[in-house]
Amino acid sequence: MGLSVELRDVSVKYGDFLALKNVNLYVETSEGLVILGPSGSGKSTLLRAVAGLTPVAHGRVYIGGKDVTDLPPDKRRISMLFQDLALFPHLNVFENVAFGLRLKRLPEEEVRRQVMWALELVRLEPQQFMGRKIYQLSGGQQQRVALARALVVQPEVLLLDEPFSHIDLDIKNQLLEELKILHNKLGFTLIYVTHDRFEAVEVGDRIALMRAGEIVQVGKPVDLYKKPRNRYVAEFFGEANIIPASLLGGTREGYAVIRPEDVVIGNSPTYKFKGQVIDITFLWHYLKVEIQSNGHIFKAYVDLETPIAVGDVVEFGFDAKDVYFVAE
Amino acid sequence: MRPLRLYTWALAAALYVPIGVMVALSFNNSKLPYVWGGFTLRWYQELLRWDQAWQAVFNSVVVALAVSFTATLLGMFMAYVLRQDKYLTISQVAVVMPEVSEALSFAAALWLVKTYVGVDLFGPVGVFLAHLAYTLPMAHVLLAPYMAYVSRSAVEAARIFGASELKTMTAVVMPILMPAFVATFLIVFANSFDTYVKTAFTTSPEFVTAPVLLWSYAARGRGDPTIYALASLMLLPSLVAAVIYFRAVKRYS
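In order, the protein sequences belong to chains A and B.
Using my numbering, the first residue of the first sequence is number 3, and each one after it goes up by one.
Using my numbering, the first residue of the second sequence is number 842, and each one after it goes up by one.
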């Protein structure tokens, strides 16, 4: 199972507004790709272009190597999980899941068998849940029904548009975990849209970071984190210290990116600074320390045991190997 | 707050006291409205024998049913097509206009059709069209807010599964809107059922509806309490409609 997805030079317009600008993207068979970006960056539009819900103004969309640009959504072998779930409020759990199967005119027995299969996949006990109305379910259970409804038609590509943005953190993490297991087990290609970088690293083999209708960088999470293409990527994908490169001496232009966990307080290696601690935050397994120095606020993650207090004047710094330079 | 409360009670009294008096008089064993002759059901017995009244009620029911069904269905399609915000204001204004226009203009239109086209629509068809023109905007305005319950994504989800536009309409949109449909149907029914002016201008002498019959007796002061009995009975559909309406709309909350 699973088909590759490719966008070649795809542009989407809403009236005069260019929501997607010549986007190129290749998603491999059975890969999990996360489209990450702030709201309005075009990530949902990209997903809708793959689904065939939004017409493309320019460019082609391929699924499994086949040009699907002019095909309707139901001919693309995709399924989609919507942000508001889009469950049918007038149907019970069984009929919601069966909706897509009934349209295929499968025999009743087959419909029943496949609905059971899908409900068990998402760990909803069929006997207990299939007769329930949608409004009788908790948020997490509704998510599971929506997922079962999307999976029951055995899609080659599963598209998810911020499906878990409205639920509690604990349930969200549990659902993300199960989604990963289902992805591995069933082998569909997964494209997951979110604005949340923590969600992104949970499900993404690779991440495509978007801004203003363009993909800024695509790569493995570690590449985006350690080798950001520019300041925008460095800032959006994790916390970062970004300072003018000139501050480190030499004639280099552009900016230096240093992750807070690479900042050392006290006896530091290559680059040395001095500053005053202005804030300390307890973050479970480390302290986040903010230090004012040279007109910048540096962030450092340090051990819980570090003897430090707000107001202290400290020496700090980082190693040359932990500095990554970007041009813009 | 006191004057406002007083006003509210006065308004309620102005609306309902005449109705209460009428219902009381339908049980009055006297032809004179200002003399209480004791309790009786004789006016209801006489009403049972009054064939013309039953024909009129029947006519009203037939027109009201036909109008409510047509207006609600058309109103729903209009609301569905015009559900995007940018059209909503224009459509609201455009469709509410006929509500403002008078029955007279409709009568004039029917007259023109009769004179120049040679088709006489005065009678059931004229009444139906006049009621439809007057209730369709109402149906549209009543249904439009409920379109929000049909989310764009629910329609798109159906599309992804391969549902045709017709299938999406019958399997997704209409079931979600069913309570609103029933509620609107009843309001349109109640409005059509007791409309006098628009009926009077567009009907023929042969096609008499219940409000027209009531009016023809009441206005000439020739009625006996039988017409109170008829009017009292005619309250029932409105009452039932009101109860069902509130129950149906509650399903959305």
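A couple of the hints might just be wrong.
[As the list claims (entries may be wrong)] Straight-line C-alpha distance at most 30 Å; calculated DSSO-like pairs for lysine-lysine:
#1 B/K1008 to A/K68
#2 A/K106 to B/K1008
#3 A/K135 to B/K955
Because the hints were derived from the structure by calculation, they are not lab data.
All values reported here derive from a predicted model rather than from experimental measurement.
Okay, the hints, checked on the actual structure:
1. In summary, the hint linking B/K1008 to A/K68 is supported, as the alpha carbons are separated by about 28 Å, within the 30 Å threshold.
2. As the CA atoms of A/K106 and B/K1008 are separated by approximately 13 Å, the hinted pair is consistent with the 30 Å bound.
3. About 55 Å separates the Cα atoms of A/K135 and B/K955, which puts this hinted pair outside 30 Å; it is violated.
This entry does not satisfy hint 3, going by the numbered hints stated previously; all others are met.
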